Amino acid sequence: MTTLFRTLRNLSVKNQEAQQTEKAPDRLDEEFIQEKEHEMLNSTDSRNTVSLVLPSCKNSEKVLELDACLKQWINECLAGQRIIVKDLEEDLFDGQVLQRLFEHLHYGGQERLEKPDIVCTKQGQLDKLDYVLKMIQDECEGFHQELFQDEDDERRAYVDCIYTKNYHAICYLLVVLTKFYDDKCNVRLPEEIPFKIVILEKTPAGKIVRKSRTEIMYTSVYQSGYHTHRRNEDNFEKLFRENHDKFEKLKGTLVKYVASELSCLGVEEEMLEDVGVSFRDGINLIMLIGQLDGYFVSQHSYNIPADNDDKRLQNVKLALDLVVEAGCQRATKVRARDIVSGDVKSIMRVIYSIFEKFSVRS
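Counting from 1, one number per residue, gives the positions in the sequence shown under full-length UniProt numbering.
These are computed hints drawn from the structure, not numbers from a lab. Incorrect hints may have been included.
As the list claims (entries may be wrong) - Here are the simulated DSSO-like cross-link-like pairs (lysine-lysine), alpha carbons at most 30 Å apart as the crow flies:
hint : residue 1 : residue 2
1    : Lys345    : Lys357
2    : Lys256    : Lys62
3    : Lys207    : Lys256
4    : Lys238    : Lys36
5    : Lys86     : Lys122
6    : Lys207    : Lys179
7    : Lys36     : Lys256
8    : Lys256    : Lys179
9    : Lys62     : Lys357
10   : Lys317    : Lys256
11   : Lys179    : Lys345
12   : Lys249    : Lys122
13   : Lys357    : Lys71
14   : Lys249    : Lys345
15   : Lys211    : Lys249
16   : Lys207    : Lys196
17   : Lys36     : Lys58
18   : Lys86     : Lys165
19   : Lys86     : Lys58
20   : Lys246    : Lys256
21   : Lys357    : Lys249
22   : Lys345    : Lys62
23   : Lys238    : Lys86
24   : Lys165    : Lys249
25   : Lys71     : Lys86
26   : Lys165    : Lys58
27   : Lys249    : Lys202
28   : Lys256    : Lys122
29   : Lys238    : Lys357
30   : Lys202    : Lys179
31   : Lys311    : Lys345
32   : Lys311    : Lys179
33   : Lys165    : Lys62
34   : Lys122    : Lys238
35   : Lys246    : Lys357
36   : Lys357    : Lys86
37   : Lys71     : Lys134
As the structure is a computational prediction, the values presented were derived from the model and not from experiment.
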């Protein structure tokens, strides 16, 4: 009987712990909000509105992935300047890293912005941040509308958001830069990221009013609904956007072409229908270019099976090198890592460049 009571008590304790664990994120969010409310009530800051990203949101899978991707992208861009970003809010709020990043993206790394590298005073940092955002507003035609309108007041409000380490505002600015400079950004971001935001408003009576909303951050140019940016759009993107049926028809034609060329190696059309899966390991691309260009690629030269992304990446890089060596037109906007991730447009660009070279043979 004592053992039974002990077992029941242990089960009760575990259930209570499980319930507390489930409630932990909500409790952390509430404590975070209360802390910010207390700061607002006791602050001499003239701001009457504060926007917060809740801890549960920042620790969500998609936001963590976005955070990691953006930090890796910035660090890769600025590796030659020995700048390492570890925390987006702490490292970007004063404009110093943003200045270097914009110079890298827009001017190829040369210092062109007429602002000193390090500014210590608050007003100096605000002026610098405003200057950098003004340059983005002027140079990134059209895309600045996703951040702020043409009015200077809107930009200065965004300056305040970044300087006060508004996580959502910082992420949004970086995402817009990856969109505009997509040809220079070797980064693949997660899509449709939900941000839980709480807005605290201080009333004239000294009370705090809470408002909450969820905003979806779109990392794709075409998801955002903003289509005036066409500098680097190619025929595949245009076809995918404007006529998806024709895009699918072209994809089917290319799959049939590959299947017919590889049929002698036991590859059937049904095996290739899922383009994002059947070509992501690079093996079919390697066999295709070898078959068409009249040579056999030794299986010792690539990974079979390619059972992880590192092996797939090695295979795809080899395939792309062979495609260029065969005299095919180099497929623009194709990165090996995009093929490994199963990006259909990238895969089709490569297959089409092969098709153009070898489809008409004597």
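Hey, Lys317 versus Lys256, does the alpha-carbon distance stay inside 30 Å?
Between Lys317 and Lys256 the Cα gap is close to 24 Å, so the pair holds against 30 Å.
Is it true that the CA of Lys207 sits at most 30 Å from the CA of Lys196?
OK: Lys207 and Lys196 at ~22 Å, within 30 Å.
For the pair supplied as a hint, Lys211 and Lys249, confirm whether the alpha-carbon distance does not exceed 30 Å.
Since the Cα atoms of Lys211 and Lys249 sit roughly 48 Å apart, the hinted pair is violated (cutoff 30 Å).
Does the structure keep Lys311 and Lys345 at a Cα separation of 30 Å or less?
holds (21 Å)
Can you confirm whether the C-alpha distance between Lys165 and Lys62 stays at or below 30 Å?
holds (20 Å)
Under the criterion that the straight-line Cα-Cα distance not exceed 30 Å, is the pair Lys86, Lys165 satisfied?
holds (14 Å)
Check whether the Cα positions of Lys357 and Lys86 lie no farther apart than 30 Å.
It is violated: about 46 Å lies between the C-alpha atoms, which goes past 30 Å.
Is the straight-line distance between the alpha-carbon of Lys36 and that of Lys256 30 Å or less?
Roughly 60 Å between the alpha carbons, so the hint for Lys36 and Lys256 is violated.
Starting from Lys249, check that the Cα of Lys122 is at most 30 Å away, please.
violated (58 Å)
What's the verdict on Lys345 and Lys62, does the C-alpha distance respect the 30 Å limit or exceed it?
Distance of about 23 Å is within 30 Å: holds.
Regarding the pair Lys207 and Lys256, is the alpha-carbon distance no greater than 30 Å?
violated (68 Å)
Checking one constraint from the list: CA of Lys246 to CA of Lys256, max 30 Å. Satisfied?
holds (15 Å)
Consistency note: the structure conflicts with the earlier hints numbered 2, 3, 4, 6, 7, 8, 9, 12, 13, 15, 23, 24, 27, 28, 30, 34, 36.
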